[in-house]
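S.K.: So the sequences go chain by chain: A and B. All letters in the first sequence, in the order written, are residues 17 to 173 by our numbering. All letters in the second sequence, in the order written, are residues 30 to 527 by our numbering.
To be clear, the hints were calculated from the coordinates, so they are not data collected in a lab. C-beta: ideal position from N, C-alpha, C; glycine also. Worth double-checking, as some hints may not be accurate.
[What the hints assert, rightly or not] Label-pair ranges, simulated between beta-carbon atoms:
(1) B:241 with A:51: 30 to 38 Å
(2) B:499 with A:154: 54 to 62 Å
(3) B:237 with A:154: 26 to 34 Å
(4) B:423 with A:147: 55 to 63 Å
(5) A:42 with B:237: 33 to 41 Å
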Amino acid sequence: MTVHTPIPSRNRGLPAWAVWLTVLLVLVGGVYFASNLSGTNPTVAIGPQKSAAPSGSGAVNEAVALAIIKKAACQACHGQNFEGGVGPDLHGIAKGPVIAGLKPLAAANPDTWIHLWISGTDPEVKAIDRKGMPVFGEGTLTDAEIDTVVAYLKTLQ
Amino acid sequence: MSANLKKLRPYDEPPKTSDPLFPAAPDSATTAGLVVAALWLVVATGLGALWLLQTIVPQATLQVHAALPFNLNLWVVLEPDRMLSGFQNALVYGWLTNAAIGAIWFITPRVTGRPLVSNAGANAALGLWNLAVLLGIASIFLGILPDTGTLSEFILPINALAALGLLMVNGIFWGSVAKSIGPGAYISVHFFGIALLAFLGLYVLHAVVPLFNLADPWPALINGFYVRTLSAYWLFGTAVGTLYYLVPRATGNPLYSAGLGLLSWVTWLGLAAISGLAALLHPDVPYAITTLGSVGGMLLVLPAFLVTANLLLSMRGRWSLLVGAGTLSFAVIGLAFLVMSSIIDGVGSLRSVGAHVTGTEWPVGALIYAGLGAYTFAFLALAEHAFPRVLRRAWSDGPLSEATRWLTFGGVAIGGAALMLGGLAHGSLLSQQADPDTINGVMVWFRLGGLAGVGLAALGALAFLLELFLMYTSGRPAEFAVAPPPSTSTTSPAVAGS
Numbered sequence: 017m018t019v020h021t022p023i024p025s026r027n028r029g030l031p032a033w034a035v036w037l038t039v040l041l042v043l044v045g046g047v048y049f050a051s052n053l054s055g056t057n058p059t060v061a062i063g064p065q066k067s068a069a070p071s072g073s074g075a076v077n078e079a080v081a082l083a084i085i086k087k088a089a090c091q092a093c094h095g096q097n098f099e100g101g102v103g104p105d106l107h108g109i110a111k112g113p114v115i116a117g118l119k120p121l122a123a124a125n126p127d128t129w130i131h132l133w134i135s136g137t138d139p140e141v142k143a144i145d146r147k148g149m150p151v152f153g154e155g156t157l158t159d160a161e162i163d164t165v166v167a168y169l170k171t172l173q
Numbered sequence: 030m031s032a033n034l035k036k037l038r039p040y041d042e043p044p045k046t047s048d049p050l051f052p053a054a055p056d057s058a059t060t061a062g063l064v065v066a067a068l069w070l071v072v073a074t075g076l077g078a079l080w081l082l083q084t085i086v087p088q089a090t091l092q093v094h095a096a097l098p099f100n101l102n103l104w105v106v107l108e109p110d111r112m113l114s115g116f117q118n119a120l121v122y123g124w125l126t127n128a129a130i131g132a133i134w135f136i137t138p139r140v141t142g143r144p145l146v147s148n149a150g151a152n153a154a155l156g157l158w159n160l161a162v163l164l165g166i167a168s169i170f171l172g173i174l175p176d177t178g179t180l181s182e183f184i185l186p187i188n189a190l191a192a193l194g195l196l197m198v199n200g201i202f203w204g205s206v207a208k209s210i211g212p213g214a215y216i217s218v219h220f221f222g223i224a225l226l227a228f229l230g231l232y233v234l235h236a237v238v239p240l241f242n243l244a245d246p247w248p249a250l251i252n253g254f255y256v257r258t259l260s261a262y263w264l265f266g267t268a269v270g271t272l273y274y275l276v277p278r279a280t281g282n283p284l285y286s287a288g289l290g291l292l293s294w295v296t297w298l299g300l301a302a303i304s305g306l307a308a309l310l311h312p313d314v315p316y317a318i319t320t321l322g323s324v325g326g327m328l329l330v331l332p333a334f335l336v337t338a339n340l341l342l343s344m345r346g347r348w349s350l351l352v353g354a355g356t357l358s359f360a361v362i363g364l365a366f367l368v369m370s371s372i373i374d375g376v377g378s379l380r381s382v383g384a385h386v387t388g389t390e391w392p393v394g395a396l397i398y399a400g401l402g403a404y405t406f407a408f409l410a411l412a413e414h415a416f417p418r419v420l421r422r423a424w425s426d427g428p429l430s431e432a433t434r435w436l437t438f439g440g441v442a443i444g445g446a447a448l449m450l451g452g453l454a455h456g457s458l459l460s461q462q463a464d465p466d467t468i469n470g471v472m473v474w475f476r477l478g479g480l481a482g483v484g485l486a487a488l489g490a491l492a493f494l495l496e497l498f499l500m501y502t503s504g505r506p507a508e509f510a511v512a513p514p515p516s517t518s519t520t521s522p523a524v525a526g527s
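For reference, chain A alone in the conformation it holds in the complex (with noise of 0.2 Å):
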């Protein structure tokens, strides 16, 4: 059973130093808005470890490609930043595959590999051992969509 006890309280009113406290720090508060009300906000997304944040080249539409890749999940083998994780690290994909098992395909297809390996509908590329990669060519993203996020990934140093 809960006992109920009140909490009395010394007195009700309000101290005088709490209502001035209150009056000049809204006044700081307000200074302060006065004097910041023109400008244009940067693009932030708060976030830890910005140093590890992709850099894209200015020809490539950055924001479409991450908007793709998130809609792909790419990250979520590869990597908040294409770091690597179950999937290999993306950065340099543009000198080459790192699997040993996609370098006869981009022997044969130097400027498309990477583009065949992501669709996956080709039948050279199905031949080789995919590893838990998805298929993104039937129905997930159209030649298009990969074409954008392909332009970004070689941006990736």
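Fit chain B to the known structure of chain A by using the hints.
M.R.: What follows is chain B alone, placed relative to chain A:
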């Protein structure tokens, strides 16, 4: 000769009774909330220490893949981003939220004079919430969540479970205080009521954001808004509501001023509402709106200071109670961290400082001061006060309580300071466009400091859990008589509670 079935003899089996799935005894939900919270505290601090270890030793990561039948795959991904996310989620949703709900279940009946409308419901709500948090944190490490923000966006079924749990907590709280709420209710009830409504509303808002398929970076910006506002409303509100109850109880003094309590509540209510706007840093958001958010974040120091002053003035004549590991010493450390973390958050809300430290270790250091410092000590104070009363057992006389206090205090002070200073250094290096190797070379020292601090806090959490275990298994029985209200005080209807 017929047996008397009502009178059991020594060789008789006692009649079998079935335990209800959710206990309905008074204070059973308080016990459940605080015990589960203690377990989460150990998990959270352990994950925090592992995260810092992984940032120092990159080889300490683990990725396991196992092929399961039916073409299913099991992935376990223990890498820094996910470890940090696990730490933050376990700290906020696991430890602090369970402790806050336990505090609400403990304090509300005592200040309103009316029992909870359903103790079984209160236990069920805790069960739903913890199931959701457990599944959510597991999904971070099983590679199911693509996004590992400060507080992760769990998948919809998990969010639905969590929201249902929060809805039940709200329903039981409001049902219990329905006849007591109003200007006459004690100030803790005011803080709890707003904090609960805000938590439910914010959680539902956060959960439905993915349904709108917003373009980047809006999901991340809204996550930032959610984290800031949740911290300001839910964590600050419940911790302060708890301290407003504990300090007068532990000292036996009346509250210094009901008016001051109400002023702290009103200022908190207004400023917490706008503080999250500072996170919406996007060219499409008017500059004045984000500035308003910065002002809200800065001025949150005002309610923190008013609460601290009110409670310190309430301790007059009882300073000797600060010596030793009692409720009051934990509460005072919590108040000190509350003021410090409010000042730190205020400084971090300044546009120039925010731009300098965003994306560095600063926010984690600030979270350690607020989450593991201010709010943790408030709830440790509650545990010191509440467990002997709900379990009817005394704390052991050993050094574990001292160990909890000093290890946690030292760990938070060292770890939080190291990460915040590291964040400032990191921001400077980034502005000088230093290369990653240089940054890592400098940052390793700050991360070592952070690891030492969070490691100490983890040991403090273990000491707390061990002390709780010893109390439950071998603590001597204790009864707590409740002292009558002081007859000399001028009882104010604003705090009479009924």
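S.K.: Now, for every hint given, state plainly whether the structure supports it.
M.R.: A quick look at each hint next to the structure:
| no. | hint | in the structure |
| --- | --- | --- |
| 1 | B:241 with A:51: 30 to 38 Å | holds, 35 Å |
| 2 | B:499 with A:154: 54 to 62 Å | holds, 59 Å |
| 3 | B:237 with A:154: 26 to 34 Å | holds, 30 Å |
| 4 | B:423 with A:147: 55 to 63 Å | holds, 58 Å |
| 5 | A:42 with B:237: 33 to 41 Å | holds, 34 Å |
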